[in-house]
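K.L.:
Listed below, chain by chain, are the residues.
There are 2 protein chains.
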Amino acid sequence: MEGIYPIIWDGTTLKLLDQRVLPEEERYVECHTLDDVRECIKKMVVRGAPAIGVTAAFGLILAAREFMGDFTRFEEKQGAFSFSKFQAKLKSAGNNLKETRPTAVNLSWGVERIINKSQNLNEASPSLIIRELEQEAKAIFEEDIAVNKKIGEWGAKLIGDNYTVLTHCNAGALATAGYGTALGVIRSAFYQGKKIMVYADETRPFLQGSRLTAWELQKEGIPVSLIVDGAAGYHIHKGDVNCIIVGADRIAANGDVANKIGTYSLAVLAKENNVPFYVAAPLSTVDMSVNSGKEIVVEERDPEEITKLRGLPLSPPGINVKNPAFDITPAYLVTALITECGILYFPNEEKMKQLVPKRR
Amino acid sequence: MEGIYPIIWDGTTLKLLDQRVLPEEERYVECHTLDDVRECIKKMVVRGAPAIGVTAAFGLILAAREFMGDFTRFEEKQGAFSFSKFQAKLKSAGNNLKETRPTAVNLSWGVERIINKSQNLNEASPSLIIRELEQEAKAIFEEDIAVNKKIGEWGAKLIGDNYTVLTHCNAGALATAGYGTALGVIRSAFYQGKKIMVYADETRPFLQGSRLTAWELQKEGIPVSLIVDGAAGYHIHKGDVNCIIVGADRIAANGDVANKIGTYSLAVLAKENNVPFYVAAPLSTVDMSVNSGKEIVVEERDPEEITKLRGLPLSPPGINVKNPAFDITPAYLVTALITECGILYFPNEEKMKQLVPKRR
Chain A
1 MEGIYPIIWD GTTLKLLDQR VLPEEERYVE CHTLDDVREC IKKMVVRGAP AIGVTAAFGL
61 ILAAREFMGD FTRFEEKQGA FSFSKFQAKL KSAGNNLKET RPTAVNLSWG VERIINKSQN
121 LNEASPSLII RELEQEAKAI FEEDIAVNKK IGEWGAKLIG DNYTVLTHCN AGALATAGYG
181 TALGVIRSAF YQGKKIMVYA DETRPFLQGS RLTAWELQKE GIPVSLIVDG AAGYHIHKGD
241 VNCIIVGADR IAANGDVANK IGTYSLAVLA KENNVPFYVA APLSTVDMSV NSGKEIVVEE
301 RDPEEITKLR GLPLSPPGIN VKNPAFDITP AYLVTALITE CGILYFPNEE KMKQLVPKRR
Chain B
1 MEGIYPIIWD GTTLKLLDQR VLPEEERYVE CHTLDDVREC IKKMVVRGAP AIGVTAAFGL
61 ILAAREFMGD FTRFEEKQGA FSFSKFQAKL KSAGNNLKET RPTAVNLSWG VERIINKSQN
121 LNEASPSLII RELEQEAKAI FEEDIAVNKK IGEWGAKLIG DNYTVLTHCN AGALATAGYG
181 TALGVIRSAF YQGKKIMVYA DETRPFLQGS RLTAWELQKE GIPVSLIVDG AAGYHIHKGD
241 VNCIIVGADR IAANGDVANK IGTYSLAVLA KENNVPFYVA APLSTVDMSV NSGKEIVVEE
301 RDPEEITKLR GLPLSPPGIN VKNPAFDITP AYLVTALITE CGILYFPNEE KMKQLVPKRR
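Protein sequence lines correspond, in order, to chains A and B.
First residue of the first sequence: 1, per our numbering; consecutive thereafter.
First residue of the second sequence: 1, per our numbering; consecutive thereafter.
Check before you lean on any hint, since a few could be wrong.
Since the list can't tell identical chains apart, any single copy or any two copies may satisfy a pair.
[Unchecked claim] Below, computed lysine to aspartate or glutamate pairings styled on EDC-like, alpha-carbon distance capped at 16 Å:
id : residue 1 : residue 2
1  : K89       : E220
2  : K157      : E123
3  : K308      : E66
4  : K89       : E66
5  : K195      : E134
6  : K294      : D240
7  : K219      : E24
8  : K85       : E26
Note that these hints are calculated values from the structure, not bench results.
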């Protein structure tokens, strides 16, 4: 897999591949501050649960540096560095980040890893603290790719030769540090030499399928056909689809899956037509603190995502809109959860409990 | 219902409200020839099965006039009008029209009604033939509105007070001569004083929902919320939807329904969530010559409907696309068929046989 780098950390600046303008432009947005990062997450310059987790971790490094910068100027000479003040600042920055996208749990998870890391550094000098936290953010980045590749290895076992796989949204390199969950599985199967054909739902309103998944697969040479979201049922019913694979933004303790709006419909269509429905996600996506999907907050986004396209109106002025960004797929519709620790068939509360302690 | 006139026949010209540019512009395209009409049907200036049927009928009047015009200029003085030549011309024009959109059966039905009418006119003068055929086309137009209102009356019985109804595509005034099938039912219930809320699927790729249904309902004062196609499942699963009503482009002898791509998914979602799924259509939509949905030709349309929007690219250049315009909903997923002759619950071959002779 060459040439797809959604998140680049150069030691001082976080560069995010602007996913709003792909595939027309490959342009990076540079983040120098916590606020820059917040804006990028909110406006979906970067999107995809794992990618947001990694981005948030680096966002906290930028926040920590901002604080250390203030401190250096005003207090360093007095030796007045206060670790508790620093920690309070870090936590507030973390909360700030968590508010940007309420559904994807990897965001919280990325933030928590950096904050947890800081707990043991109360004796360290400011520069060592920064160095250690930066190390942790980089580790999160590297681990994400490694974890994705493991998910890919496991998942590829479920993909037969000559399979046609349907996917929704973009759970690819662009949604992660750089390999992909659902598309990681497809990638791994393809690298094993299997002939694969992909149906990519265009995924309204943000068009992650037509803009990102189609671009990513085309770049990789994996055959892909773009379809509108409403055509998935037609192809599944016709028998054109061997399996469906999607990513996840949050998985509840009972195995219910929050993912991009439209996922639930696919799961129901899969059940009706006896097609396996797989969810590929790192264990960092599992949130054992929510018992079921009913407790997951579904983010409602700006109506203009639906009523306009690049400023062009698509509907009459003043029209009322509902724009939930995610939906919940009940666990009973999930044939298997593909994680870095293996394949969990028919997830439920019991099985989830055994799985989660395996995560880092 | 005021102010929505998708098809205007002024005695010499057919004016079609250009549904490609609504709701931004209310502009009519004038058709003077058969070719003008063909282009308008093909390019979806006019769309919706019943509206296409009415348009085709008027298209044949224009074709008949073209022929008579030729005749008048070259042969009238020799008294050389040949009825059989005229009929051959009319039939060829009819076949020409039928090829423009293969799925909607009302197109054939409209054409056949004009051709059948001409059968008894072999003794008539050219001007009388034209007058009689024009009368027939006008009758098709008027009957369509009357039939829609009857469908509305029957269907309104299924709509309770405070109902939230989900609909797909546009089966409204714009899809017919002027009242609507699925939206006709909603309209009738609304006129009875029932409080109704409508979820309108935006209906990619042509956006009939956001551009046409939203506009039509907003104009009428019927509360409507626009959603992306992928969000229908979310709202149905949440319990927000009391019933689903759609139109139809062709109904097979066993009750299978061809309708806008995305309809099948809604029917499956309805079944999974115990929500009634209704199809509102005139009996002219029933095609007893096809035994089941499997025999219905599904039109594949231009990939650019998906890859571009008003010339703006939405996906990478050269991407492969599948763009079926319709899908087939098996009869077992249809709670009831709402026709001008009544409500047919759980349609099947036997019941369809009893229903169809009732049509004109």
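K.L.:
Would you mind marking each hint as holding or not holding in the structure?
P.N.:
A quick look at each hint next to the structure:
no., hint, result
1, K89 - E220, "neither (42 Å within a copy, 54 Å between copies)"
2, K157 - E123, "neither (48 Å within a copy, 75 Å between copies)"
3, K308 - E66, "neither (37 Å within a copy, 43 Å between copies)"
4, K89 - E66, "within (10 Å within a copy, 81 Å between copies)"
5, K195 - E134, "neither (40 Å within a copy, 58 Å between copies)"
6, K294 - D240, "between (33 Å within a copy, 15 Å between copies)"
7, K219 - E24, "within (13 Å within a copy, 37 Å between copies)"
8, K85 - E26, "neither (40 Å within a copy, 62 Å between copies)"
This entry does not satisfy hints 1, 2, 3, 5, 8, going by the numbered hints stated previously.
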